[in-house]
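Number of protein chains: 2
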Amino acid sequence: LQMADEALFQFLHSEIIQYVNSAETGESENGRCVSKLENMGFRVGQGLIERFTKDTPRFKDELDVMKFICKDFWTSVFKKQIDNLRTNHQGIYVLQDNKFRLLTQLSAGKQYMEHAPKFLAFTCGLVRGALSNLGVKSIVTAEVSVMPACKFQVMIQKM
Amino acid sequence: LQMADEALFQFLHSEIIQYVNSAETGESENGRCVSKLENMGFRVGQGLIERFTKDTPRFKDELDVMKFICKDFWTSVFKKQIDNLRTNHQGIYVLQDNKFRLLTQLSAGKQYMEHAPKFLAFTCGLVRGALSNLGVKSIVTAEVSVMPACKFQVMIQKM
Chain A
1 LQMADEALFQ
11 FLHSEIIQYV
21 NSAETGESEN
31 GRCVSKLENM
41 GFRVGQGLIE
51 RFTKDTPRFK
61 DELDVMKFIC
71 KDFWTSVFKK
81 QIDNLRTNHQ
91 GIYVLQDNKF
101 RLLTQLSAGK
111 QYMEHAPKFL
121 AFTCGLVRGA
131 LSNLGVKSIV
141 TAEVSVMPAC
151 KFQVMIQKM
Chain B
1001 LQMADEALFQ
1011 FLHSEIIQYV
1021 NSAETGESEN
1031 GRCVSKLENM
1041 GFRVGQGLIE
1051 RFTKDTPRFK
1061 DELDVMKFIC
1071 KDFWTSVFKK
1081 QIDNLRTNHQ
1091 GIYVLQDNKF
1101 RLLTQLSAGK
1111 QYMEHAPKFL
1121 AFTCGLVRGA
1131 LSNLGVKSIV
1141 TAEVSVMPAC
1151 KFQVMIQKM
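So the sequence lines, in the order shown, correspond to chains A and B.
Under our numbering, the final residue of the first sequence carries the number 159; numbering is consecutive throughout.
Under our numbering, the final residue of the second sequence carries the number 1159; numbering is consecutive throughout.
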């Protein structure tokens, strides 16, 4: 049954990408597509974290919040934890997923790398939305090194 | 964790509706929106059923297929079974869900009824796609009686 949920999410996610990609036409279509997907992710992230943290005690600091995202939040959405979390202790966190679920559908060839940003935008928004609802304002970007491994970089915005 | 998956699906589903709704502008925008959503559902239904039935023995007849949709398929997507299945034994099946998950987000007032088709289109496509991959060609429509109860009508297309 868990496999079913995962499949449902993956299929829906790729339908969204295809649709947004085809609906956004115009000069800067690629940028708009990515930003629409990021915004969707943001709202979904906000909604999810509200449900997940209803019974969770408050976090003691920013690192504690990031650990929650890497373990509990990631597991509930992607069925695995983040493989590696690093920080410079000055507001930058790098979350590495060695087998990112939403990239495993994309073939591994170099010719597909140009599509990778579209496959990461929703998740960047998801993390930004989740953090935002936990009181942490951030900018989240992503990069693929060797598919399906990728890194999400979270830059905390101090208020 | 199951609640998390359900929430993820619900949030994604409502993001898709909102986005498709805003992207489809023009003369017959409402009809196009519903048909886009139905098509997305169709492809997702095809994909899901392929995974679900990999290890399932072949079905003995059309009714057997419908029962699988009402029990196993519905449970994996909506976390409950169809409450009632009826047929006229001439190719029409009515699947009733007394508490349809994707309608529970909509408020129950009469003024929201006009939005109901948009909230049912994806699922109509989902059923049509699943059946199609099991070799059953159909037309699937839906109607809301009292929210969040609804009925999906499947008309088998004989080939």
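Derived by calculation from the structure, the hints in this document are not laboratory data.
Idealized CB from N, CA, C, for every residue including glycine.
Do not rely on the hints blindly, as some may be mistaken.
Which bits of chain A does chain B cover? Going by a derived footprint, with three or more residues having C-beta under 8 Å, they are [stated by the list, open to error]:
id: 1; segment: 9-21
id: 2; segment: 43-54
In silico DSBU-like pairs for lysine-lysine, Cα to Cα no more than 35 Å straight-line [stated by the list, open to error]:
id: 3; chain 1: B; residue 1: K1099; chain 2: A; residue 2: K79
id: 4; chain 1: A; residue 1: K67; chain 2: B; residue 2: K1080
id: 5; chain 1: B; residue 1: K1151; chain 2: A; residue 2: K99
id: 6; chain 1: B; residue 1: K1054; chain 2: A; residue 2: K99
id: 7; chain 1: A; residue 1: K71; chain 2: B; residue 2: K1054
id: 8; chain 1: A; residue 1: K80; chain 2: B; residue 2: K1079
id: 9; chain 1: A; residue 1: K151; chain 2: B; residue 2: K1079
id: 10; chain 1: A; residue 1: K79; chain 2: B; residue 2: K1071
id: 11; chain 1: B; residue 1: K1079; chain 2: A; residue 2: K99
id: 12; chain 1: A; residue 1: K54; chain 2: B; residue 2: K1099
id: 13; chain 1: A; residue 1: K80; chain 2: B; residue 2: K1080
Now the hints, each set against the structure:
no. : hint               : verdict
1   : 9-21               : holds (count 8)
2   : 43-54              : holds (count 6)
3   : B/K1099 <-> A/K79  : holds, 28 Å
4   : A/K67 <-> B/K1080  : holds, 33 Å
5   : B/K1151 <-> A/K99  : violated, 40 Å
6   : B/K1054 <-> A/K99  : holds, 24 Å
7   : A/K71 <-> B/K1054  : holds, 31 Å
8   : A/K80 <-> B/K1079  : holds, 22 Å
9   : A/K151 <-> B/K1079 : holds, 33 Å
10  : A/K79 <-> B/K1071  : holds, 25 Å
11  : B/K1079 <-> A/K99  : holds, 28 Å
12  : A/K54 <-> B/K1099  : holds, 24 Å
13  : A/K80 <-> B/K1080  : holds, 25 Å
Of the numbered hints stated above, the single one contradicted by the structure is hint 5.
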